[in-house]
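Engineer: Sequence:
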Amino acid sequence: MNDNPSEPTTLSPPTFPPGTPSQAKHDPAFTEPYLIIVSGNDRGKHHKLHHPQNVLGRDPGAHIVIADPKVSRRHAVLTVFHDGILLEDAGSSNGVFVDGVRIEKHKLDSRQRICLGDTYLRVDYKKRDEAEADQALYQAANTDALTSILNRGAFMRRSDEEVSFCRRRGGRLTVVICDVDHFKQVNDTFGHLAGDYVLRELANILRQEVRKEDLLARYGGEEFIVLLREPPQTVPLFWAERVRHKVMLHPFVFQGRPIPTTVSIGICSCRAEVVESLQTVIQSADNALYQAKRKGRNRVEIVVR
0 MNDNPSEPTT
10 LSPPTFPPGT
20 PSQAKHDPAF
30 TEPYLIIVSG
40 NDRGKHHKLH
50 HPQNVLGRDP
60 GAHIVIADPK
70 VSRRHAVLTV
80 FHDGILLEDA
90 GSSNGVFVDG
100 VRIEKHKLDS
110 RQRICLGDTY
120 LRVDYKKRDE
130 AEADQALYQA
140 ANTDALTSIL
150 NRGAFMRRSD
160 EEVSFCRRRG
170 GRLTVVICDV
180 DHFKQVNDTF
190 GHLAGDYVLR
200 ELANILRQEV
210 RKEDLLARYG
220 GEEFIVLLRE
230 PPQTVPLFWA
240 ERVRHKVMLH
250 PFVFQGRPIP
260 TTVSIGICSC
270 RAEVVESLQT
280 VIQSADNALY
290 QAKRKGRNRV
300 EIVVR
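Note that numbering that gives the first Met the number 0 gives residue 297 to position 298 of the sequence shown, counting from 1, and the numbers run on in steps of one.
You may find that some hints are simply not true.
Under the rule of at most 20 Å between Cα atoms (straight-line distance), these lysine to aspartate or glutamate pairs were calculated in the DMTMM-like manner [what the hints assert, rightly or not]:
{"hint": "1", "residue 1": "125", "residue 2": "58"}
{"hint": "2", "residue 1": "69", "residue 2": "200"}
{"hint": "3", "residue 1": "47", "residue 2": "31"}
{"hint": "4", "residue 1": "125", "residue 2": "108"}
{"hint": "5", "residue 1": "47", "residue 2": "133"}
{"hint": "6", "residue 1": "126", "residue 2": "108"}
{"hint": "7", "residue 1": "183", "residue 2": "285"}
{"hint": "8", "residue 1": "211", "residue 2": "160"}
{"hint": "9", "residue 1": "125", "residue 2": "143"}
{"hint": "10", "residue 1": "126", "residue 2": "31"}
{"hint": "11", "residue 1": "69", "residue 2": "87"}
{"hint": "12", "residue 1": "69", "residue 2": "88"}
{"hint": "13", "residue 1": "69", "residue 2": "240"}
{"hint": "14", "residue 1": "245", "residue 2": "200"}
{"hint": "15", "residue 1": "294", "residue 2": "123"}
{"hint": "16", "residue 1": "183", "residue 2": "213"}
{"hint": "17", "residue 1": "47", "residue 2": "87"}
{"hint": "18", "residue 1": "294", "residue 2": "222"}
{"hint": "19", "residue 1": "294", "residue 2": "213"}
{"hint": "20", "residue 1": "47", "residue 2": "108"}
{"hint": "21", "residue 1": "125", "residue 2": "31"}
{"hint": "22", "residue 1": "104", "residue 2": "129"}
{"hint": "23", "residue 1": "69", "residue 2": "160"}
{"hint": "24", "residue 1": "104", "residue 2": "123"}
{"hint": "25", "residue 1": "69", "residue 2": "213"}
{"hint": "26", "residue 1": "69", "residue 2": "98"}
{"hint": "27", "residue 1": "211", "residue 2": "58"}
{"hint": "28", "residue 1": "104", "residue 2": "87"}
{"hint": "29", "residue 1": "69", "residue 2": "117"}
Don't read these hints as lab results, they were simulated from the structure.
In this text the structure is predicted, and so the values were computed from the model without any measurement.
Based on the sequences and whatever the hints tell you, model everything.
Structural biologist: What follows is the structure, given as structure tokens:
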């Protein structure tokens, strides 16, 4: 191991899978490399190092996306070698640190802590069943069990980071709240299993419409919430109308019975510098949703500041 974290390290040429015959994967003792988030909004999440070189950063196209406003779009690279893993700074603004020391290139071991922005990570080799068990704990803490999207708590934690990011960039912050019309009637007429089916289908429609950098969550009951990162002022209205129209035309059919389904949508889109708090933006979007309901449902209302 190199005692100086900033000193370049030479390793064997990259191999993938990392130096192990394919049949070894069936060995119960076989371990694979994972990057583990140990602090921040994604604490506990495991990222398997699938590629010979794995780019870390805020860019939605990065192999491993780090939801931290102090992380550069392409912040660092992890290269998997036969005899270890190499961490390199990819020209980041705020640097890459290992155990508190800024590095340009460094061979890692599992005891060391990587710091990118305000996020701490580590690399570890785990058996697949161990990694899957740990990932299941992460999923239970952060995702909605019915729809498999973010739960309310995870959304609020991550959205606070987005508010800080938008303020520094001088961008816009947009919150969209989507609510199923007459959902109690759906449950009363078709049963609660049918209601669950409608919510899962709606989550799938919304998942198809959001970008990787946006946040989507089940906010509670039949309400879903979306944070759109830095859209132009006119985009949220067109986006919401597309979603509303897509839901209206979608064939919701449960156990052979069609379920007519529409949604009402409220939007608040504002310049980040005028945002008092995330909660005030959510409240404005909720007020717009109320107006959509009051004006007949199956419509979009927007507040722009």
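Engineer: So which of the earlier hints does this model not fit?
Structural biologist: When the structure is compared with the hints, numbers 1, 2, 9, 13, 15, 16, 19 and 22 turn out to be violated.
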